[in-house]
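A.B. asks: What follows is each chain in one-letter form.
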Amino acid sequence: MRRSNSNHAQVTPHADNAAPGPWEGEAEGIPRRGVLAGVLGTLAAVVATGLAGNFRVGKAAASTIPKVPVRRVPLPKVLALRPRWASWTVDELNANNDGWSQPAAWMSTILNRKKLGIYHDSFPAESSQPHHWVMVIDLRKCIGCQACVVACKSENNVPPGIYRTWVQVVETGSMVSNPEGEIVTSAGRFTSGVRRSSLPRLCNHCDSPPCVVVCPVKATFKRSDGPVLIDYTKCIGCGICIQSCPYDARYFSTVQETADKCTFCVHRLDRGLLPACVTSCVGRARIFGDVNNPQSTVSKLLAQYPTNRLLVSEGTDPQIFYVDLNGDLVMGATAFNTAYPYAAGTNTNEYDNLTGRVLLQTPLGGD
Amino acid sequence: MHLFADMGLQGGSLESVYWGILIVTYPFISGLVAGSFVVSSLSHVFHQHHLDEIAPLALIVSFALLLAAPLTVLADSRQPVNAFELFTRPHIPWSPLADFTVIWLSYVILMLIETYFAFRYVNVDMAGGVGWRAKLARVMSLGSRDASEESRRRDAKVLVFLSAIGILLAFLFHGYIGFVFGAVKARAIWSTALMPVLFIVSAIVSGIAFMYLVYLAVVRFYREKPDSNVTCTLLTWLMGFLLLDAYLDAVDLVTSGVSAYTQGPVDKGVSAIFLHGPHAFKYLVIQLGVGIVVPFLLFLVPRIRHTPFGGGVVALCVVVGVYAMRYNVVLGGQMESKISQGLVNMTVPLTGFDSVQTVIGVFGVAFLLFLFFSWLLPWRQAVSIAIGTSDIPGQHDHSDAEDSTNSKPVDEEALTASTFEGKE
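Chains as they are written, first to last, in this note's numbering: chain A, 3 to 369; chain B, 14 to 437.
Hints are not guaranteed to be accurate.
[As the list claims (entries may be wrong)] Okay, the calculated bits of chain A under chain B, using three or more residues with CB under 8 Å as the criterion:
# : region
1 : 214-221
2 : 311-322
[Claimed, not checked] Simulated restraints on C-beta separations:
# : chain 1 : residue 1 : chain 2 : residue 2 : range
3 : A       : SER124    : B       : LEU297    : 27 to 33 Å
4 : A       : TYR121    : B       : PHE100    : 35 to 41 Å
5 : B       : LEU313    : A       : VAL314    : 47 to 53 Å
6 : B       : ARG102    : A       : CYS147    : 51 to 57 Å
7 : A       : LEU331    : B       : LEU256    : 56 to 62 Å
[What the hints assert, rightly or not] Listed next, the in silico BS3-like pairs over lysine-lysine satisfying Cα-Cα at most 30 Å (straight line):
#  : chain 1 : residue 1 : chain 2 : residue 2
8  : A       : LYS116    : A       : LYS236
9  : B       : LYS198    : B       : LYS281
10 : A       : LYS236    : A       : LYS302
11 : A       : LYS302    : A       : LYS117
12 : B       : LYS198    : A       : LYS236
13 : B       : LYS238    : A       : LYS220
Rather than coming from a laboratory, the hints here were simulated on the basis of the structure.
C-beta atoms are modelled at their ideal positions from N, C-alpha and C, and glycine is treated no differently.
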């Protein structure tokens, strides 16, 4: 730059004039190199801190300022740019020795496209396949014990703070003013018109899953027998599948640092076992089976009862069917519409209004 | 180290804002790419010869930002070491993110070719000298030694052709980013067909305004006076595109903010987030007020319009408004919960992953690239040749506006001798 500047000073017509232009003195006198060196040095520092910030150096440093007990990140390890998904080897993930630390084994079984076809954008009709696994959840039987949540976390080593399945507890209705009501308050007497119901939620393993279509690297796929799965070794962690899931069933695993979701316990399924949440359901509210087999329990349930699915308007063709979603089978004409909206998320301002801001710290550190 | 509750963007809770300030910056930077490329194309394709002075500069800015733009998404990605999978197994054309590889790579290749042709003549000229600069020029001219008038006309023709393709690619590059958001059906506020168009138009607006600021800064660096032809032309084009942007924003507001004209979730979200909620100030005051209304009002005052400083204030307002637009679309759009009640909590971390610190780093990289390219490419010489004099920017006779549009005959030998004699 300095060089070109002085060049121009030479060729300028004004250079021959008696009165020098405002730029001319600078070409000779002002130490541009010093200014540039300063700018470059500052910038290099800014860039270094900025890039280091992405590897959480800054976060670690900043979090040491308040007196919160924080595990220090050893500096050489961070600077070594270790691939984050080396977390395959995190011992906690492989607690059951089920192959989590050996993606190669996973690839030859679950991800083996020669055994069962996998699809990334155009999906086969479910009737064209030998099996199509679906889940029917009978809400009349769900008691909200959360055993399925615990079983899922235990079975799949889901890191603390995130869930593949969860049971929302929904309260609807209001107190009904009644002069002979059993509830006496200063504002009068009431009878309870409040109903509390539970809504188990999980990945809907949609038949036209938007999360699969948007994946830029074909890491997530739908297997021909129904489950929507992720090849964790290919995931780049861009997050667009999480954005495009209308059920919010996907999340970033804080240990693997990839997108993650319910797999219908595909490792159990391939060995002839039911998913963990189904096995552990005390009320047998969760029923799992092959909808292509007319003799299966799910087929009979679907034939016998009216069922609802969540957010059908999104066009995803979800494969989790709810019996009595609106409560009308049990409550009849007095049913409340409990289905919409489903519940307050724990990370929303409405939840904060109820409980105050909840700060959680995971016992399991990453990195 | 996962203090995810206060990180907000890291995930962990059920509904989270997963795309943070880096994804706000990605469309902003690539918008500047598209916009500054349009500025350089205005000179090459649309014969805005007042802009000849900043066309090479715009090309350099565009190229530097183009190379820096993917750093934002790379830094936001949880598995940056897996990013090569985008090239080995892209999900084309289904995934908008996978189309990135094709569009961005072809844009980079086109920019390389365009940069070669834009600076070929100057490099050939400089290659005759001695010293490292001449050696560098010999390398960058790729063996071409043709400095004839004929070759310069051919270069100009090639540049027109390349710029025409480049405009299409710039639109595609930025349009795909709009489509990344527009294609996410689960986010009610994002899912509109207006999204790519909104992004492209505001990209052009921000690019022109940004080039105005860069021009002022560069002129200031060289202690010169800004050329009022350049500033006025830029400001006029800026106002034209800003008018289009205001129209599109109005359409967007009417079709998403009025409950009678839109679907329930869209109306609910826009009203709860942008009209009365946490983004009301950022949307109504900064994006629409500072970004659109204030520039128009300032432009109406001749004393502001005609001074470079006043124009700079207008341009700064526009750039701030466009950044606010990206911020509102990306972060505001994610605040509406998909299947829960209420608005999703969000905090933008100042340091660490996906933070303001990283954004500053990316802008720092872009600035370093800009400095490197403006050192590597002899754009000042290209400017003096392009405007038909050996004059440097800012030293024109402004009395005749037509003057700089007609290229004066160049005494090539004298120019070469005086300009490019290597002293090393």
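A.B. asks: State for each hint whether it applies.
C.D. replies: For each hint, the structure was consulted:
{"no.": "1", "hint": "214-221", "result": "holds (count 7)"}
{"no.": "2", "hint": "311-322", "result": "holds (count 4)"}
{"no.": "3", "hint": "A:SER124 / B:LEU297: 27 to 33 Å", "result": "violated (43 Å)"}
{"no.": "4", "hint": "A:TYR121 / B:PHE100: 35 to 41 Å", "result": "violated (22 Å)"}
{"no.": "5", "hint": "B:LEU313 / A:VAL314: 47 to 53 Å", "result": "holds (52 Å)"}
{"no.": "6", "hint": "B:ARG102 / A:CYS147: 51 to 57 Å", "result": "violated (43 Å)"}
{"no.": "7", "hint": "A:LEU331 / B:LEU256: 56 to 62 Å", "result": "holds (58 Å)"}
{"no.": "8", "hint": "A:LYS116 / A:LYS236", "result": "holds (18 Å)"}
{"no.": "9", "hint": "B:LYS198 / B:LYS281", "result": "holds (16 Å)"}
{"no.": "10", "hint": "A:LYS236 / A:LYS302", "result": "violated (39 Å)"}
{"no.": "11", "hint": "A:LYS302 / A:LYS117", "result": "holds (28 Å)"}
{"no.": "12", "hint": "B:LYS198 / A:LYS236", "result": "holds (24 Å)"}
{"no.": "13", "hint": "B:LYS238 / A:LYS220", "result": "violated (54 Å)"}
Hint compliance for this structure: hints 3, 4, 6, 10 and 13 are not met, and every other hint is.
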